[in-house]
Amino acid sequence: ETGVTQTPRHLVMGMTNKKSLKCEQHLGHNAMYWYKQSAKKPLELMFVYSLEERVENNSVPSRFSPECPNSSHLFLHLHTLQPEDSALYLCASSQGPGGSYNEQFFGPGTRLTVL
Amino acid sequence: AQSVSQHNHHVILSEAASLELGCNYSYGGTVNLFWYVQYPGQHLQLLLKYFSGDPLVKGIKGFEAEFIKSKFSFNLRKPSVQWSDTAEYFCAVNSGGTYKYIFGTGTRLKVLA
Numbered sequence: 001e002t003g004v005t006q007t008p009r010h011l012v013m014g015m016t017n018k019k020s021l022k023c024e025q026h027l028g029h030n031a032m033y034w035y036k037q038s039a040k041k042p043l044e045l046m047f048v049y050s051l052e053e054r055v056e057n058n059s060v061p062s063r064f065s066p067e068c069p070n071s072s073h074l075f076l077h078l079h080t081l082q083p084e085d086s087a088l089y090l091c092a093s094s095q096g097p098g099g100s101y102n103e104q105f106f107g108p109g110t111r112l113t114v115l
Numbered sequence: 001a002q003s004v005s006q007h008n009h010h011v012i013l014s015e016a017a018s019l020e021l022g023c024n025y026s027y028g029g030t031v032n033l034f035w036y037v038q039y040p041g042q043h044l045q046l047l048l049k050y051f052s053g054d055p056l057v058k059g060i061k062g063f064e065a066e067f068i069k070s071k072f073s074f075n076l077r078k079p080s081v082q083w084s085d086t087a088e089y090f091c092a093v094n095s096g097g098t099y100k101y102i103f104g105t106g107t108r109l110k111v112l113a
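These protein sequence lines map, in sequence, to chains A and B. Using this note's numbering, the letters of the first sequence correspond one by one to residues 1 to 115. Using this note's numbering, the letters of the second sequence correspond one by one to residues 1 to 113.
No lab work stands behind these hints: they were computed from the structure. Just to be clear, a hint being listed does not mean it is correct.
[As the list claims (entries may be wrong)] Here are the simulated PhoX-like pairs of lysine-lysine, each with C-alpha atoms no more than 25 Å apart in a straight line:
id: 1; chain 1: A; residue 1: Lys41; chain 2: B; residue 2: Lys71
id: 2; chain 1: B; residue 1: Lys71; chain 2: B; residue 2: Lys58
id: 3; chain 1: B; residue 1: Lys49; chain 2: A; residue 2: Lys41
id: 4; chain 1: B; residue 1: Lys49; chain 2: A; residue 2: Lys36
id: 5; chain 1: A; residue 1: Lys41; chain 2: B; residue 2: Lys110
id: 6; chain 1: B; residue 1: Lys49; chain 2: B; residue 2: Lys61
id: 7; chain 1: B; residue 1: Lys49; chain 2: B; residue 2: Lys69
id: 8; chain 1: A; residue 1: Lys40; chain 2: B; residue 2: Lys49
id: 9; chain 1: B; residue 1: Lys100; chain 2: A; residue 2: Lys22
id: 10; chain 1: A; residue 1: Lys22; chain 2: A; residue 2: Lys36
id: 11; chain 1: B; residue 1: Lys110; chain 2: B; residue 2: Lys49
id: 12; chain 1: A; residue 1: Lys22; chain 2: A; residue 2: Lys41
id: 13; chain 1: B; residue 1: Lys58; chain 2: B; residue 2: Lys110
id: 14; chain 1: B; residue 1: Lys100; chain 2: A; residue 2: Lys36
id: 15; chain 1: B; residue 1: Lys110; chain 2: A; residue 2: Lys40
id: 16; chain 1: B; residue 1: Lys100; chain 2: B; residue 2: Lys69
id: 17; chain 1: B; residue 1: Lys100; chain 2: A; residue 2: Lys41
id: 18; chain 1: A; residue 1: Lys36; chain 2: A; residue 2: Lys18
id: 19; chain 1: B; residue 1: Lys58; chain 2: B; residue 2: Lys69
id: 20; chain 1: B; residue 1: Lys100; chain 2: B; residue 2: Lys71
id: 21; chain 1: B; residue 1: Lys110; chain 2: B; residue 2: Lys61
id: 22; chain 1: A; residue 1: Lys36; chain 2: A; residue 2: Lys19
id: 23; chain 1: B; residue 1: Lys100; chain 2: B; residue 2: Lys49
id: 24; chain 1: B; residue 1: Lys100; chain 2: B; residue 2: Lys58
id: 25; chain 1: B; residue 1: Lys49; chain 2: B; residue 2: Lys71
id: 26; chain 1: B; residue 1: Lys100; chain 2: A; residue 2: Lys40
[Unchecked claim] Some but not every residue of chain B turned toward chain A, in silico, with C-beta under 8 Å:
id: 27; residue: His43
id: 28; residue: Leu44
id: 29; residue: Lys49
id: 30; residue: Phe51
id: 31; residue: Ser95
id: 32; residue: Gly96
id: 33; residue: Phe103
The beta carbon of each residue, even a glycine, is placed where N, CA and C say it ideally should be.
Work out the full structure, taking the sequences as your base and the hints as a guide.
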């Protein structure tokens with residue numbers, strides 16, 4: 001595997017379910033990100049981890065719970081979601097913070113549908 | 001609050017036409033600027049980036065962008081588009097030295113063969 005991978009690619013869940021999204025980066029990067037991509041809205045930065053420490057948390061509802069056990073893996077745990085949470089969830093990684101010629105590399109995303 | 005505006009939401013062009021997509025941002029400090037492209041069914045890919053130096057940056061596939069600091073703009077250009085450029089294009093701004101990236105809403109480009 002190369003780059004940034006995400007599983008599953010598609011997920012349908014009910015509002016009472018608990019599920020997890022997984023992201024893995026094979027680039028040796030130190031930072032990992034979760035974004036939400038909804039139709040006709042800008043990508044929304046949800047969480048950022050640098051060296052397994054959370055460095056950004058953008059007022060995301062507590063029904064989304066991130067976990068970063070090491071610098072290569074990032075999870076997004078989901079519970080009691082709402083239909084408006086249906087979206088494409090993107091994972092990205094970078095070597096470090098913006099600047100110093102750092103750029104983000106994105107995974108293919110998980111298409112989440114909440115019924 | 002910081003924001004990024006992409007004024008063109010949908011653009012339709014014929015092959016060989018010239019392209020310019022607008023991007024304006026609101027942030028007064030040091031910025032790093034990016035254009036990403038998302039081809040149908042594919043993930044976001046970096047098209048080009050600006051960190052410092054020459055404000056005219058060249059990216060992949062013949063794209064270029066010009067950073068005009070006084071206008072807070074980073075417009076994307078291509079002199080002659082191809083059918084394969086059909087995609088969605090996103091402008092993004094990073095506050096220098098932070099992990100915070102702000103994206104625009106995207107511009108859907110359709111190139112007619």
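Hint check results:
no.	hint	result
1	A:Lys41 to B:Lys71	24 Å, holds
2	B:Lys71 to B:Lys58	20 Å, holds
3	B:Lys49 to A:Lys41	22 Å, holds
4	B:Lys49 to A:Lys36	22 Å, holds
5	A:Lys41 to B:Lys110	19 Å, holds
6	B:Lys49 to B:Lys61	14 Å, holds
7	B:Lys49 to B:Lys69	15 Å, holds
8	A:Lys40 to B:Lys49	23 Å, holds
9	B:Lys100 to A:Lys22	22 Å, holds
10	A:Lys22 to A:Lys36	14 Å, holds
11	B:Lys110 to B:Lys49	23 Å, holds
12	A:Lys22 to A:Lys41	23 Å, holds
13	B:Lys58 to B:Lys110	22 Å, holds
14	B:Lys100 to A:Lys36	14 Å, holds
15	B:Lys110 to A:Lys40	17 Å, holds
16	B:Lys100 to B:Lys69	20 Å, holds
17	B:Lys100 to A:Lys41	17 Å, holds
18	A:Lys36 to A:Lys18	18 Å, holds
19	B:Lys58 to B:Lys69	17 Å, holds
20	B:Lys100 to B:Lys71	22 Å, holds
21	B:Lys110 to B:Lys61	16 Å, holds
22	A:Lys36 to A:Lys19	16 Å, holds
23	B:Lys100 to B:Lys49	16 Å, holds
24	B:Lys100 to B:Lys58	24 Å, holds
25	B:Lys49 to B:Lys71	18 Å, holds
26	B:Lys100 to A:Lys40	21 Å, holds
27	His43	4 Å, holds
28	Leu44	4 Å, holds
29	Lys49	6 Å, holds
30	Phe51	6 Å, holds
31	Ser95	7 Å, holds
32	Gly96	5 Å, holds
33	Phe103	4 Å, holds
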